[in-house]
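So you can see what is in the structure, the chains are spelled out below.
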Amino acid sequence: MSELIVNELSCQRGYNNLFNDLSFSLTAGEILRISGTNGSGKTSLLKILAGLSGAEYGNVSYNQNQVRSSEYQKDIFYLGHLPALSPELCCRENLSYLSHLQGDNANDHIRDALIAIGLKGYEYEYAANLSAGQKRRVVLASLFINKAPVWLLDEPFTALDSNGIAILEKQINKHSNNGGICILTTHQDCNLSDMRSLSL
Amino acid sequence: MNIFIQTLARDLKMALRNPSSFLNPLLFFVIAISLFPLAISPEAHTLSNIAPGIIWVTCMLAVLLSLNALFHTDYDNGVLEQMVISHHPLPLLLLAKTTAHWLLTGLPIVLLSPLLGAALFLDSDSIGVLMLTLLLATPSLSLIGAIGASLIVGIKNSGMLLSLLILPLYVPILIFASSAVSQAQFDLSISAQLYFLASILILSLMGSPFVSALALKTSLE
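Heads up: the sequence lines are chains A and B, in that order. Numbering-wise, the first sequence is residues 1 to 200 according to the numbering used here. Numbering-wise, the second sequence is residues 1 to 221 according to the numbering used here.
Just so you know, these hints were derived from the structure itself, not from any lab. Idealized CB from N, CA, C, for every residue including glycine. Warning: the hint list may mix true and false statements.
Claimed, not checked - Simulated pairs of lysine-lysine, DSBU-like, Cα-Cα distance not exceeding 30 angstroms:
| # | chain 1 | residue 1 | chain 2 | residue 2 |
| --- | --- | --- | --- | --- |
| 1 | B | K13 | A | K74 |
| 2 | B | K13 | A | K120 |
| 3 | B | K13 | A | K147 |
| 4 | A | K147 | B | K156 |
What the hints assert, rightly or not - Some chain B residues judged to face chain A by a derived CB distance under 10 angstroms, without partners named:
| # | residue |
| --- | --- |
| 5 | Q82 |
| 6 | H88 |
| 7 | D123 |
| 8 | S124 |
| 9 | E221 |
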């Protein structure tokens, strides 16, 4: 049974102790929503889970693979605040490179993913010409392509309209029904089934 | 290996679509060198004496000028984050980016150097040696520069910091390369200098991607 285990995690930023002895585990199909006030450490927690920054104490593992091992990193998909798009490249090229970084070649699915996220006809549009919401949608199209079982989404609903939010919620529910794990932070109310909550 | 080629191709494509990013340092290289005859003396003897130094110093400054952009754009838009957390070895990805940087900065400088050497009255044998030293040493400039660029990537308005970090490491290359060209003008042996430049290249090729990867991970924390 695949399981994401977070064990006695502590994180300090500057002089602030953000959280201490944080432990939880998630099994296949579970969705976890992390809530908390601004500056409570939601993004820091996701960054630690993504292997981007280190924790003061504690460890994180998925299927016995420790965070920052290449097996662990292969199983996660992380989406931060930044769009992860290069303005000089078109949507297709951006998504293609992101999928190569993930380790799979998804060139055949990019068109379908863009249609699914509501960007039909934008395949060859440069990222520089897109609005903030459209950029967000392009990156979220990766969720329709990648095969990583663990999704770490930092404020995925930001800049999306109601239609975009509905598409994203549907995709997260589908991912969880297929046995995937999703951890997300958001201030908005969202309509997700089987959602657990963690308050920092 | 596939990801190396993908990253290299991506960086080259991005640069060609935004040519000012790599043309500016090259223009600086050409303009700066062509100003020296106007300021010092148009006389062949004087110019050919100082040509090796002028060309090498300007080359180094041009490379330095281009290094700021090496990781900054990918850092700003978040792609660098995705590179760091991907399961591919980060040193390989950074080596690909550094190779792209050399192809866009170092290689054009090597190709432009015979023209500029001739403009400064270098004889044809010395021009050959000049090209050889540039070919041997510009990859080292890119590789060592990548370490500095990854150290300062998280710092806003880093300005002169990169030059302060990197220039001392460039000094041995400058000494060996320009003295090789000067000695070639007097038909003296230059094998010692070339061996040094080659060993610096191998050392930086082996070490730089790993050190840059470490520095980058620290910068992004």
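Structure-based check of each hint:
1. B/K13 x A/K74: 26 angstroms, holds
2. B/K13 x A/K120: Since the Cα atoms of B/K13 and A/K120 sit roughly 24 angstroms apart, the hinted pair holds (cutoff 30 angstroms).
3. B/K13 x A/K147: 27 angstroms, holds
4. A/K147 x B/K156: The hint is violated at about 36 angstroms.
5. Q82: Since chain A brings a Cβ to about 5 angstroms from B/Q82, closer than 10 angstroms, the hint holds.
6. H88: 7 angstroms, holds
7. D123: With a minimum Cβ separation of about 43 angstroms from chain A (threshold 10 angstroms), the hint on B/D123 is violated.
8. S124: Where the cut-off is 10 angstroms and the nearest Cβ of chain A is about 40 angstroms from B/S124, the hint is violated.
9. E221: 4 angstroms, holds
In this structure, the hints that do not hold are numbers 4, 7 and 8, in rising order.
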